[in-house]
Amino acid sequence: MNAPDIGLWTLLFGSIFTSNILLANFLGMCSFISISKDMKSSNGLGMAVTVVLTITASINWVILRFVLMPLDLLYLRFIIFIIVIAAIVQMLEMIIDRLSQSLYMNLGIFLPLITVNCAILGVSLFVEIREYSFIQTVIYGFGSGLGWWLAIMALAAMRKKIEKAPVPPALQGSGITMITIGLMAMAFIGFGGMLPVQ
Amino acid sequence: MPSFLVAPLAISGISAGLAALISITDKIVNNYGELTININDGKREMNVTGGGNMLTTLAEEQIFIPSACGGRGSCGECKVKVTSDIGPHLPTEIPYMSRQEIEDNVRLSCQVKLKTDVDLEIPDYLFNIQRYSATVERISDLTHDIKEIYLRLNDDQKIEFSAGQYAQIEAPPYGKVKEPTQRAYSMSSSPSDKKHLEFMIRLVPGGILTTYVHEHLKEGDRLDVIGPFGEFMVRHTGAPMICVAGGSGMAPFKSIFNNMIETGEIDERDVWYFFGARTAKDLFYVDWLNKLQEQHERFHFIPALSEPQPDDNWDGETGLITDVLDKYLKQEPLASVHKEGYLCGSPGMLDACMDVMGTHEMKDEHIYFDKFA
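Just so you know, the protein sequences line up as chains A and B, in that order. Residue numbering for the first sequence follows our numbering, starting at 1 and increasing by one per position. Residue numbering for the second sequence follows our numbering, starting at 1 and increasing by one per position.
Hints were generated in silico from the structure; no laboratory data involved. The beta-carbon is built from N, C-alpha and C at its ideal position, and this holds for glycine as well. Errors might be hidden in some of the hints.
Covered by chain B, according to a simulated footprint, are these stretches of chain A (three or more residues, beta-carbon under 8 Å) [stated by the list, open to error]:
1) 35-47
2) 172-180
Taking lysine to aspartate or glutamate and the DMTMM-like style, the derived pairs with C-alpha atoms no more than 25 Å apart in a straight line are [what the hints assert, rightly or not]:
3) A:K40 <-> B:D85
4) B:K176 <-> B:E231
5) B:K158 <-> B:E60
6) B:K115 <-> B:E101
7) B:K194 <-> B:D155
8) B:K330 <-> B:E365
9) A:K40 <-> B:E231
10) B:K330 <-> B:D311
11) B:K291 <-> B:D311
12) B:K27 <-> A:E163
13) B:K339 <-> B:D311
14) B:K79 <-> A:E131
15) B:K218 <-> B:D145
16) B:K27 <-> A:E131
17) B:K81 <-> A:D97
18) B:K115 <-> A:E131
19) B:K113 <-> A:E131
20) B:K113 <-> A:E163
21) B:K147 <-> B:E103
22) B:K178 <-> B:E231
23) B:K158 <-> B:E101
24) B:K115 <-> A:E163
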């Protein structure tokens with residue numbers, strides 16, 4: 001099993017921009033739509049997703065390589081990954097609560113919410129499919145988190161503007177949001193071929 | 001190993017590992033060790049185990065912050081001013097705070113988790129409130145309807161209070177009364193006697209507690225007292241004190257005057273004590289107060305009877321206490337000086353006295369009383 005030959009910078013920029021986990025793969029949609037109403041919350045959630053993504057992707061890589069693959073238990077990866085994510089989020093919450101009260105306050109409810117964010121599980125699964133090395137996994141997890149953060153901030157900023165725009169009644173709320181996301185996704189996918197990160 | 005066991009074992013193994021990791025993290029991260037709570041700038045310091053919320057931790061240390069909801073964060077009463085930095089207000093606190101309180105870092109003690117050493121400011125009276133169990137040492141008749149009860153605190157307990165404050169006396173269920181009943185009474189003993197409490201209790205026809213004290217309570221009985229409460233106490237400004245009382249309203253003044261004798265304040269400022277009663281048989285402690293007047297030239301005792309009987313041979317002031325008060329406030333030496341009012345009596349008497357004092361340019365903020373009758 002050989003890791004794909006992708007430079008780390010390429011992987012980082014690819015995962016942030018050209019194959020943004022949200023806008024190219026449409027993962028982590030539910031919180032993306034519901035939280036992007038508010039800039040401050042979006043920022044908190046984006047930060048939390050980035051941290052959790054980086055950590056869980058790395059830990060899941062270790063479990064995948066050293067437990068699941070040798071024991072031929074690949075079919076259990078969904079359950080195992082979810083358990084790991086839930087446990088990590090739990091621990092992270094305790095640690096942040098102790099270390100930085102202000103960060104804890106900023107993340108608030110979003111930290112536990114991340115457990116059910118599909119982008120987190122998605123990244124762990126991509127890592128397995130694409131056979132990334134450990135370093136690549138860390139970079140990919142981190143980049144995907146940044147990409148998710150960037151996308152939700154962009155959408156939150158746009159929704160703030162849209163609030164004041166004369167949106168047709170039938171499209172108000174999530175309707176116009178879906179259209180906005182579609183346009184954003186098209187813009188991002190437009191760059192899809194530039195970097196070899198799928 | 002049979003292959004069907006591999007999967008369950010792997011899942012259990014990983015789960016167990018993660019669970020162990022979580023509990024280890026919990027042990028390390030949520031172990032805040034021994035913390036120091038410093039209340040009112042060193043007035044009391046205590047070491048507590050960190051990690052719990054402030055309200056329950058303080059209650060374990062016998063400091064009772066009022067809380068109607070019992071720490072669920074729904075009443076907003078357990079406010080405490082925190083002077084050290086314990087981080088920003090939580091979303092669960094904000095709805096109960098005014099802007100000023102947020103600026104002053106007033107916190108909801110049931111929501112704040114103790115993680116670091118904290119400095120608190122709580123009102124002194126809160127700091128001292130406790131439930132005391134006491135034994136009745138003496139019951140004596142002051143008049144035909146006022147009894148004085150003298151209690152000794154059990155188990156070497158000591159109470160700190162300011163002269164003028166009150167406590168809740170709790171009567172146990174008796175007769176047709178099925179529940180313990182609490183009523184507020186001013187202490188009449190001096191605060192320097194920390195092992196005893198004295199109260200004056202006038203019989204109110206049909207009153208649950210007064211009936212209990214007058215008809216059921218015997219020397220040697222146990223009685224629970226919760227306190228001290230109240231803001232009625234001497235302001236040490238040196239201004240002449242205009243004290244007005246009626247009936248068992250004598251109680252806080254007995255405590256205040258005794259305290260002033262002990263501290264010497266009684267010779268440093270003018271005290272005018274107006275005491276209103278109906279007839280001579282409603283007067284009590286007259287000898288003591290007359291003696292005070294002889295011994296301390298700045299102390300003046302003016303008893304007044306509203307309905308003196310022919311055989312009372314009354315040659316003192318006559319009329320309603322408000323009329324007598326009005327007469328004295330009109331003339332020198334009281335008319336032209338800044339004065340403070342101290343009142344204790346029925347709500348009707350308080351209001352009437354406030355009116356009279358108001359007409360003599362005594363401002364409400366310089367008139368002190370605790371209204372509970």
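> What are the numbers of the hints that this structure violates, sorted from low to high?
Replying inline: 1, 2, 4, 9, 10, 12, 13, 14, 16, 18, 19, 20, 21, 22, 23, 24
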